[in-house]
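There are 2 protein chains.
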Amino acid sequence: MSIAVSPLAPTDVPEMPAIAGVRLATAAAGIRYKGRTDVLLAVLDKGTTVAGVFTRSKCPSAPVEWCRARLGRGVARALVVNSGNANAFTGKTGRQATTLTASIAAKAAGCRPDEVFLASTGVIGEPLDATKFNGVLGTLAEAAVPGDWMAAARAIMTTDTFPKVATATVKLGKANVTINGIAKGSGMIAPDMATMLAFVFTDAPLGAGALQALLKSGVEDTFNAITVDGDTSTSDTLLAFATGAAAADGAPKISRAGDPRLKAFAKAFQAVLADLAEQVARDGEGARKLVEIIVDGATTKKSARRIAMSVANSPLVKTAIAGEDANWGRVVMAVGKAGEPADRDKLAISFNGIRVASRGARDPSYDEAEVSAAMKNPKIQIKIALGLGKGRDRVLTCDLTKEYVAINGDYRS
Amino acid sequence: MSIAVSPLAPTDVPEMPAIAGVRLATAAAGIRYKGRTDVLLAVLDKGTTVAGVFTRSKCPSAPVEWCRARLGRGVARALVVNSGNANAFTGKTGRQATTLTASIAAKAAGCRPDEVFLASTGVIGEPLDATKFNGVLGTLAEAAVPGDWMAAARAIMTTDTFPKVATATVKLGKANVTINGIAKGSGMIAPDMATMLAFVFTDAPLGAGALQALLKSGVEDTFNAITVDGDTSTSDTLLAFATGAAAADGAPKISRAGDPRLKAFAKAFQAVLADLAEQVARDGEGARKLVEIIVDGATTKKSARRIAMSVANSPLVKTAIAGEDANWGRVVMAVGKAGEPADRDKLAISFNGIRVASRGARDPSYDEAEVSAAMKNPKIQIKIALGLGKGRDRVLTCDLTKEYVAINGDYRS
Numbered sequence: 001m002s003i004a005v006s007p008l009a010p011t012d013v014p015e016m017p018a019i020a021g022v023r024l025a026t027a028a029a030g031i032r033y034k035g036r037t038d039v040l041l042a043v044l045d046k047g048t049t050v051a052g053v054f055t056r057s058k059c060p061s062a063p064v065e066w067c068r069a070r071l072g073r074g075v076a077r078a079l080v081v082n083s084g085n086a087n088a089f090t091g092k093t094g095r096q097a098t099t100l101t102a103s104i105a106a107k108a109a110g111c112r113p114d115e116v117f118l119a120s121t122g123v124i125g126e127p128l129d130a131t132k133f134n135g136v137l138g139t140l141a142e143a144a145v146p147g148d149w150m151a152a153a154r155a156i157m158t159t160d161t162f163p164k165v166a167t168a169t170v171k172l173g174k175a176n177v178t179i180n181g182i183a184k185g186s187g188m189i190a191p192d193m194a195t196m197l198a199f200v201f202t203d204a205p206l207g208a209g210a211l212q213a214l215l216k217s218g219v220e221d222t223f224n225a226i227t228v229d230g231d232t233s234t235s236d237t238l239l240a241f242a243t244g245a246a247a248a249d250g251a252p253k254i255s256r257a258g259d260p261r262l263k264a265f266a267k268a269f270q271a272v273l274a275d276l277a278e279q280v281a282r283d284g285e286g287a288r289k290l291v292e293i294i295v296d297g298a299t300t301k302k303s304a305r306r307i308a309m310s311v312a313n314s315p316l317v318k319t320a321i322a323g324e325d326a327n328w329g330r331v332v333m334a335v336g337k338a339g340e341p342a343d344r345d346k347l348a349i350s351f352n353g354i355r356v357a358s359r360g361a362r363d364p365s366y367d368e369a370e371v372s373a374a375m376k377n378p379k380i381q382i383k384i385a386l387g388l389g390k391g392r393d394r395v396l397t398c399d400l401t402k403e404y405v406a407i408n409g410d411y412r413s
Numbered sequence: 001m002s003i004a005v006s007p008l009a010p011t012d013v014p015e016m017p018a019i020a021g022v023r024l025a026t027a028a029a030g031i032r033y034k035g036r037t038d039v040l041l042a043v044l045d046k047g048t049t050v051a052g053v054f055t056r057s058k059c060p061s062a063p064v065e066w067c068r069a070r071l072g073r074g075v076a077r078a079l080v081v082n083s084g085n086a087n088a089f090t091g092k093t094g095r096q097a098t099t100l101t102a103s104i105a106a107k108a109a110g111c112r113p114d115e116v117f118l119a120s121t122g123v124i125g126e127p128l129d130a131t132k133f134n135g136v137l138g139t140l141a142e143a144a145v146p147g148d149w150m151a152a153a154r155a156i157m158t159t160d161t162f163p164k165v166a167t168a169t170v171k172l173g174k175a176n177v178t179i180n181g182i183a184k185g186s187g188m189i190a191p192d193m194a195t196m197l198a199f200v201f202t203d204a205p206l207g208a209g210a211l212q213a214l215l216k217s218g219v220e221d222t223f224n225a226i227t228v229d230g231d232t233s234t235s236d237t238l239l240a241f242a243t244g245a246a247a248a249d250g251a252p253k254i255s256r257a258g259d260p261r262l263k264a265f266a267k268a269f270q271a272v273l274a275d276l277a278e279q280v281a282r283d284g285e286g287a288r289k290l291v292e293i294i295v296d297g298a299t300t301k302k303s304a305r306r307i308a309m310s311v312a313n314s315p316l317v318k319t320a321i322a323g324e325d326a327n328w329g330r331v332v333m334a335v336g337k338a339g340e341p342a343d344r345d346k347l348a349i350s351f352n353g354i355r356v357a358s359r360g361a362r363d364p365s366y367d368e369a370e371v372s373a374a375m376k377n378p379k380i381q382i383k384i385a386l387g388l389g390k391g392r393d394r395v396l397t398c399d400l401t402k403e404y405v406a407i408n409g410d411y412r413s
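Protein chains in written order, with my numbering: chain D, 1 to 413; chain S, 1 to 413.
Treat the hints as calculated values from the structure; they're not laboratory data.
Here the structure is a predicted model, which means the values were calculated and not measured.
It is possible that part of the hints are untrue.
Said to hold, decoys possible - Only pairs whose alpha carbons sit at most 27 Å apart, straight line, appear in this in silico BS3-like list of lysine-lysine:
hint, chain 1, residue 1, chain 2, residue 2
1, S, Lys-383, S, Lys-267
2, D, Lys-376, S, Lys-402
3, D, Lys-92, S, Lys-383
4, D, Lys-267, D, Lys-302
5, D, Lys-301, S, Lys-390
6, S, Lys-383, D, Lys-58
7, S, Lys-58, D, Lys-346
8, S, Lys-58, D, Lys-390
9, S, Lys-402, D, Lys-402
10, S, Lys-379, S, Lys-390
11, D, Lys-383, S, Lys-92
12, D, Lys-92, D, Lys-132
13, D, Lys-58, S, Lys-302
14, D, Lys-379, D, Lys-390
15, S, Lys-58, D, Lys-302
16, D, Lys-58, D, Lys-92
17, S, Lys-301, S, Lys-216
18, S, Lys-376, D, Lys-402
19, D, Lys-171, D, Lys-301
Could you put together the complete structure from these sequences and hints?
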């Protein structure tokens, strides 16, 4: 199992500012991993609103069901995340574990169990022993400080090779408000809603409805536009929390996502989601190359997305990129199998700006040496021009390496 | 690149009888490979009918388009297959290559170009130099004999590790008729019609309409029910030829697939297709395990197929099997992402007959040691009981190993 940090890890890690109304603490509860933290508690001030999007799996985890059922009230006071055990496919025991965790956390944070949100990530099908949170969460609630976001991001990792954080500061009215996000990947990534786990916090005073609308539209071109292996998790959870603390600095209270005062904030919020999503792709299991697939000239954006995903999930395209082979024939294959409108004889394909194929055949100017040199780049952009319409979309993925097979051939054992 | 024979290769290779009306010859034309045969010519007697099913790719190869356009007449006198170059995504040059190949073959076989069927397999996007067939096909036509079916199966291989043949002899009226088939895989296998290339020959006197109907219904649970990597080829071609020579022995001429006299034949024909399709799965690139996925209790057969394919194409399920890990959690994940009706709390899963999960949680009788021992078997059966309805289906696939990545990371270069 490869434990080195992904060569695609960001080189600049941002300074993460504190967010008023959010206190964090982490601990090693021994859920599964030894010698590392595996529980995160975020304590949220009164008045915090919450929004969330979740996996569309027909077999969701117990924490996903817990959150879904409690999202309607739009109010949150605590978030508990554990890594090492997904509490998925654990039947009645799983539901009991969520109830027990929420009740322990509620006691620790001084709120109602209904105001506690839960997320779990790790192995599927193993009962989660929630009694391990007894004591731990109380201690964490006392220790929680505006704190260490990197430590929070680290506590939720599974096969991730680096913690994923992103931040933005933006004007809302006259106040500066902050948006912080953390996320984890890094296999079973083909979000049909959100990737495995991501949490975004802001001190902006947003109503739960506005926050939900921002999240729902923001996820479409960020977390829903990445894939590692085409496998959608049972646990995909993206939660956003707005403490409203910036109201004290003069930030206006916003109840509708369409409010014109929210424009800069919405843009920054989307950028934080995009940053986190890209980091998940960069830390795809075994990844050595970040692959950006741009489809234009499709009949619609939806059609462009389907074609881009067909290419992004093709094992043959992904292994070719791992082998630094500009194998456009496999890109043609993946376009052809997508089932979307495509005309072979209008198709053009380029790798990192070099056109390799046009009008249904190899480009006349094709130069193997030039393309081979370009394929050594750690970032590969595949551009597919269909020449049919104005539909355009972009998807991020990574290559498929022997390390992916190694990691997943012995993850559980 | 692994060149050893797949450990899943059949141990018993059948004796392939001659088929009256079919003569075969192979040659090394130097299309791409060195030191091996790469062209097959089958010369067919007058009166031979033909049927075919092809890839549903929107970017099909030039030979697929050639065959499709000529299938309507239902008459065939020659089949030319080359390996090493797929003549796919080759634009106008590709169409010219098919025209030239057919004209050379027609001259060699003494028929019209319209009666020549073509198939190519190998790299995509490289122009095929059809002038290489000049002379070669004439020599082959003269050398063709009722012949060596193993040599024919060998000449059409690409990354295949063993030649794939199947045969059946069955009564039609008072005559014994024979069905011989050959096929090749072994990557880019997720047939949406037929796998890359397969050819079936019989001396039964079947009309083209009857043959087409048999092929269309036969392919559904054979070639369309296997997958290696979820990648549908641009070249998938399955052609069937009936010489009618057995009419001389008293076999009745059949014009409708529904003719009751065809019952035994139809069963044997289906068995030949199933045998070839299983061999393609057994020779999936890098495969070490044959995986049979049975879904029952789905709402419909179609829904069962989609769920089975979702499991069969999941990289996480396939790598777990490569690691001999009975990771039912990933099976749950793949069921959940299929988008078909499923109720987590009714789901039961077994590996090689051992129930590991039931009613949405680990089975109470689960014994890790027993399951681990079973996973060492080269054939793994995953049975998924949904408990919703009567829909049932079966799909064959193989595991995903480091060898798959190795083979496809340097196939072209």
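Checked hints:
no., hint, result
1, Lys-383(S) - Lys-267(S), "holds, 25 Å"
2, Lys-376(D) - Lys-402(S), "holds, 21 Å"
3, Lys-92(D) - Lys-383(S), "holds, 23 Å"
4, Lys-267(D) - Lys-302(D), "holds, 22 Å"
5, Lys-301(D) - Lys-390(S), "violated, 38 Å"
6, Lys-383(S) - Lys-58(D), "holds, 18 Å"
7, Lys-58(S) - Lys-346(D), "holds, 12 Å"
8, Lys-58(S) - Lys-390(D), "holds, 19 Å"
9, Lys-402(S) - Lys-402(D), "holds, 5 Å"
10, Lys-379(S) - Lys-390(S), "holds, 26 Å"
11, Lys-383(D) - Lys-92(S), "holds, 23 Å"
12, Lys-92(D) - Lys-132(D), "holds, 18 Å"
13, Lys-58(D) - Lys-302(S), "holds, 17 Å"
14, Lys-379(D) - Lys-390(D), "holds, 26 Å"
15, Lys-58(S) - Lys-302(D), "holds, 17 Å"
16, Lys-58(D) - Lys-92(D), "holds, 17 Å"
17, Lys-301(S) - Lys-216(S), "holds, 17 Å"
18, Lys-376(S) - Lys-402(D), "holds, 21 Å"
19, Lys-171(D) - Lys-301(D), "violated, 32 Å"
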